[in-house]
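These protein sequence lines map, in sequence, to chains A and B. Start counting the first sequence at 87; every next residue gets the next number (the working numbering). Start counting the second sequence at 3; every next residue gets the next number (the working numbering).
Distance windows between CB atoms, simulated:
id	chain 1	residue 1	chain 2	residue 2	range
1	A	Leu232	B	Pro70	38 to 44 Å
2	A	Val99	B	Leu201	46 to 52 Å
3	A	Glu112	B	Gly235	17 to 23 Å
4	A	Leu232	B	Glu209	51 to 57 Å
5	A	Gln261	B	Pro93	51 to 57 Å
To be clear, the hints were calculated from the coordinates, so they are not data collected in a lab. Predicted model, so just to flag it, every value in this text is computed and none were measured. In this text, a Cβ means the ideal position worked out from N, Cα and C, and glycines have one as well.
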Amino acid sequence: MKKQLALVIDLNVCVGCHACVTSCKEWNTSGSAGPMPDHNPYGADPSGVFFNRVQTYEVGEYPHTETVHFPKSCLHCEDPPCVPVCPTGASFKREEDGIVLVDYDKCIGCKYCSWACPYGAREFDEQGKVMKKCTLCVDRIYDQQLPEEERKPACVMACPANARIFGDVHDPDSQASQMIRDNKGYQLLPEMGTQPANHYLPRHIKTGKEED
Amino acid sequence: MKPAFSVIFFTTLAGAGQGLFLALYMGEVFRMTEGQLISQDFMLTGLVVSFVLLLLGLTASTFHLGHPMRGWRAVSQWRTSWLSREVIALPLFIALVFFYMAAHYTDQSTATTLSLGLVGIVLCFALFVCTAMIYACLKFLREWHSPLTLVNFILLGTMSGFTLAASLSASMEPSLTYLYTFIAVVLTVTAFISRLGSLARNKSLRESPKSTVQTAIGVRHPKVQQRSMGFMGGSFNTREFFHGKTEFFIKRIRTVFITMVFILPLAMMILSLTSGSATLLIGAFCIQYVGLLAERWFFFAEVNHPQNLYYQTIG
Chain A
87 MKKQLALVID LNVCVGCHAC VTSCKEWNTS GSAGPMPDHN PYGADPSGVF FNRVQTYEVG
147 EYPHTETVHF PKSCLHCEDP PCVPVCPTGA SFKREEDGIV LVDYDKCIGC KYCSWACPYG
207 AREFDEQGKV MKKCTLCVDR IYDQQLPEEE RKPACVMACP ANARIFGDVH DPDSQASQMI
267 RDNKGYQLLP EMGTQPANHY LPRHIKTGKE ED
Chain B
3 MKPAFSVIFF TTLAGAGQGL FLALYMGEVF RMTEGQLISQ DFMLTGLVVS FVLLLLGLTA
63 STFHLGHPMR GWRAVSQWRT SWLSREVIAL PLFIALVFFY MAAHYTDQST ATTLSLGLVG
123 IVLCFALFVC TAMIYACLKF LREWHSPLTL VNFILLGTMS GFTLAASLSA SMEPSLTYLY
183 TFIAVVLTVT AFISRLGSLA RNKSLRESPK STVQTAIGVR HPKVQQRSMG FMGGSFNTRE
243 FFHGKTEFFI KRIRTVFITM VFILPLAMMI LSLTSGSATL LIGAFCIQYV GLLAERWFFF
303 AEVNHPQNLY YQTIG
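Isolated chain A (complex conformation):
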């Protein structure tokens, strides 16, 4: 089976610190996917391009509530709906590792791919007039100049709680696959049939593998 790189996000340990958000922006705005322009950053209505967002949800009814911090970036779907609709071929899924990318030189900025994505994973760059999205730090993970342990997406490197695991979800022996298997990892909006490569690990009252 071909390689499918992805992120596994452990909702048990995400503390909602947004370190992944800022490190993603820092790396990618100055990397090959950049810039990620901001508009009016210090004004009343700031706006800007981000590849990764951390949202917060409240589950349950007071006093039995839990706060769930929920990071969301492109899920690098195995059947990405954004790819076939692209009229220029700018939106594509790499054969070799399953990363979904946008070729900014071919993108005509029609935004059709963002309509086709049910997750809202793509953000339009109003300055460059092209569609942008998470690249899984494709310009980091193969960089031979970096020490091997740093060849990971910037968000994974930044997470202080180790809530983000990067790996090949088609390799049953990868840490990512094991985490999905052992912790009942799931996909977002499974009813859409997009088969997102990124998985989420559900929250447990008690952690520990003996419960399974």
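Using the hints provided, position chain B relative to the given structure of chain A.
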């Protein structure tokens, strides 16, 4: 979804241009069955109007692009993308309208004009299908993912074209005015029924959502509420997929388009059938076109994009 004016103008202008072309071709064939030639003045005027409407539509559509100068690249993915197919079908159809017009201008034989026109008819319907399928093929946007989208695009475009043909023919080819008006009335009634059908379908979709905040984040508790979308300001996600208008405004627009696209033009055209008034027909077309702008605005605004599940609370 936030309605995009470039696309609203493109689809309504091109739709009227396509419908007018169909009406002109039908007029030529009909006059021939009566053993007559269609008035050349009428044919040329009509084709120029159709050609200009299509060019205006093409121009409007380029405003939708971030990089219009790269637009030529959009012909490459015709195997998978309906948008790519449309980018191919539109200029081909415009070229055919031009050749059909040139054939009439240079007094070519009826065999030539009719066969050119026939190719035009095929391309005209191909363009209708491509335009509608851009929306209908997106299976996650349930409001659009229906054969009704295709039927509505064809009926509404053809309807406005026949209304326009009726008002143009009144001064130049009066022998066709009654026929055109009659067909425009039939098309308007049919389109009315089909559009009401999609309104009813979309209402029932709103009552039974397929995806919820639970499936969006994968937490199965019955009570899940977003407290923060991750930022305080706006983003592409909050601008592109929300129309930002009130429920009241949306209902108003629905009433406006139902009145202006269907009810008023129907009344005016039926009156003109008995009185033969050309002014009524011109008025009917103008009102119907403005109504179609509202209809297309509503078509976009009515879509509740699944990504909106992730953008419920500023914070």
